[in-house]
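Taken in sequence, the protein lines are chains W and U. With my numbering, the residue at position 161 of the first sequence is 161, and numbering never jumps. With my numbering, the residue at position 86 of the second sequence is 86, and numbering never jumps.
Read the hints as simulated data drawn from the structure, not as lab findings. Honestly, I wouldn't trust all of these hints.
Claimed, not checked - Covered by chain U, per the in silico footprint, the following chain W stretches (three or more residues, Cβ under 8 Å):
id: 1; stretch: 7-17
id: 2; stretch: 73-86
id: 3; stretch: 120-128
id: 4; stretch: 159-170
As the list claims (entries may be wrong) - Here are some chain U residues pointing at chain W (derived, C-beta under 10 Å):
id: 5; residue: A40
id: 6; residue: I58
id: 7; residue: T66
On a predicted model such as this, the values are computed, not experimentally measured, just so you know. By construction, the Cβ of each residue, glycine as well, lies at the ideal position given by its N, Cα and C atoms.
Each chain, written out:
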Amino acid sequence: MTIFRELSQHLLDIFENGAKAGATLITLNIVEDFAADRLLLEVRDNGSGMDAEMVRRVADPWVTTRTTRKVGLGIPFLKQAAEMCGGEFGIESEPGVGTRTWATFQHSHIDRPPLGDLVGTVLCMIVGFPTLEVLFQHTVHTANGETREFTLDTRELRAVLGEDLPLSDPEVLGFLRETLTEGEAHLRAGVEVPSLA
Amino acid sequence: MKSLEELQKIKERALERRRMSAEGMRARVVVAMGTCGIAAGARDTMTAILNELERQQITDVAVTQTGCIGLCEFEPIVQVQLREGEMVTYGKLTADRVPTLIARHVVGGEPIDDWTVKQKA
Numbered sequence: 001m002t003i004f005r006e007l008s009q010h011l012l013d014i015f016e017n018g019a020k021a022g023a024t025l026i027t028l029n030i031v032e033d034f035a036a037d038r039l040l041l042e043v044r045d046n047g048s049g050m051d052a053e054m055v056r057r058v059a060d061p062w063v064t065t066r067t068t069r070k071v072g073l074g075i076p077f078l079k080q081a082a083e084m085c086g087g088e089f090g091i092e093s094e095p096g097v098g099t100r101t102w103a104t105f106q107h108s109h110i111d112r113p114p115l116g117d118l119v120g121t122v123l124c125m126i127v128g129f130p131t132l133e134v135l136f137q138h139t140v141h142t143a144n145g146e147t148r149e150f151t152l153d154t155r156e157l158r159a160v161l162g163e164d165l166p167l168s169d170p171e172v173l174g175f176l177r178e179t180l181t182e183g184e185a186h187l188r189a190g191v192e193v194p195s196l197a
Numbered sequence: 001m002k003s004l005e006e007l008q009k010i011k012e013r014a015l016e017r018r019r020m021s022a023e024g025m026r027a028r029v030v031v032a033m034g035t036c037g038i039a040a041g042a043r044d045t046m047t048a049i050l051n052e053l054e055r056q057q058i059t060d061v062a063v064t065q066t067g068c069i070g071l072c073e074f075e076p077i078v079q080v081q082l083r084e085g086e087m088v089t090y091g092k093l094t095a096d097r098v099p100t101l102i103a104r105h106v107v108g109g110e111p112i113d114d115w116t117v118k119q120k121a
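Just chain U, with the same shape it has in the complex (with noise of 0.2 Å):
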């Protein structure tokens, strides 16, 4: 069994980690857990993108939760920015969308256009 003298040991080299990369967060990443995001799959959605973040060893993106947003309709869904840039709004990121978000917007820097909700002004 996982014990808590292991955790010690994380905390050690995770703090570590935390003082070399001094520059902070690459990104944040937002997934809407409202009743009708969670319906939808954002809980897949949500453990999807901390597997792949974990899986690339990624631990500069800050990821977090926000509740239904009124965009019911386009659930799940997942917001993306990266530092100091604008909030990117991505609707039906479906747990299977995952590693093409973190590949092309998280790591690459370009939001994809196509999966994007368009709001009206």
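Extracted from the complex, chain W is given alone in its bound form (with noise of 0.2 Å):
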């Protein structure tokens, strides 16, 4: 059982854990590899990261950095989602160099939750942390063979809008919307996804 409907709020959920740690980049990756049937998703930051200790202790929800409520859910759940979809979870830390969280599914798991809207998700990111540089990568590896990429660096792109024009603004976002959704089209159209009958 997990609350979260889709692939893309665990995304969100982690990635909001490598913003509050200070990160200035973060790094998502997605994997679809629907030959090896396996789908990984993978979080880097470079934020203050953790001893060796709270990374141990990370997967139990009773431990938490946050003190408005006693309980952090987000890394348990994500665990749990990975582990019952025939994957694996993972979470490497440093202190002072930051911290990278990882998840495989089997790709064709019947539990396993849709991506979802990835859009609407680094959207969300790219608004809510005006400040901080998203590296965003979605491959897929075809079945037969293909491989397609996606990448979308806010590094690049504040780099033609300078100082005076936030990534937030309106007509900028309009712009990102339409720049990811024919990026993940792209990666989908003509895909054959195995069925699981």
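Combine both chains into one complex, guided by the hints.
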């Protein structure tokens, strides 16, 4: 049982951890491998990181750094979602360097939540943390060996926009939405998703 | 495909627009995006806010996020502040309520009392 309906909600949740850990760059990496029937979600941040003791305890829902509520559920949820879908979960961290959180899934597993609204998720990240750089990478390996990639790097966009125009400007957001929608559609176009039958 | 040249054009247009509206931001909208908020649909609420602002071409509203504010049972939580006014906290502000919120509070300037979270002092 998980309270998130979509894997992109897990991505957003783990992203928030990195943003609150003072990261200036967060990399989101999604790899869908239809040949190997595997899905990888990975979030890397260059925030404050955690010591070994905190990493060991972080999958425990009763551990949190928050002060407004006594339970931290995000990481246990992702771990549980991965493990019930024939996958694995891992978290590696180093104080002062950052944290890498990842989860794998059997892509075709009947209980695997859909990726869901990735476009809306990435937009929320950019709007929510306008000074943070986001590198979004989504790779699809099709069943017949073709590889497709889509990348969105806010550093590239910021280089064009300069300092006077934030990424959260409504017109820029419109551009970002279209860019993400097109990129995601291109990854999917004509890809044969192995059926569950 | 979208190109960076296109973004360059948007930049020029948007900067010009920003120069014209020297009055600054009319409102600040904050969406709570802790684990509790995300589980209750905060992402869809924020996406709906961005869509609605874009649809109505409202460019002087700053949208941002915050973490869990300790009112998990009322998520999704959205806070609206008009210029120098007080911050109003709304509970169970799901995506379907967003157009009404924008129309009545952000554009109309009147908070929707029935939807606010009454906090004990």
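Now for the hints, and whether the structure bears them out:
Counting residues of the stretch 7-17 of chain W whose CB falls under 8 Å from any CB of chain U gives 5; the rule of at least 3 is met. For the stretch 73-86 of chain W, the proposed coverage by chain U is satisfied: 3 residues have a C-beta within less than 8 Å of a C-beta in that chain, meeting the threshold of three. Judged by the Cβ-Cβ criterion of 8 Å, the stretch 120-128 of chain W is covered by chain U as claimed, because 6 of its residues qualify and three suffice. Only residues whose beta carbon comes within less than 8 Å of a beta carbon in chain U count, and the stretch 159-170 of chain W has 8; three or more means the coverage holds.
Satisfaction of the interface hint for U:A40 is found here, the shortest Cβ-Cβ separation to chain W being roughly 9 Å, below the 10 Å cut-off. Contact between U:I58 and chain W, as hinted, is supported at the beta carbon level, the nearest pair being about 7 Å apart and thus within 10 Å. Interface hint at U:T66: satisfied, since its Cβ lies 9 Å from the closest Cβ of chain W, which is below the 10 Å cut-off.
Hint compliance for this structure: every hint is met.
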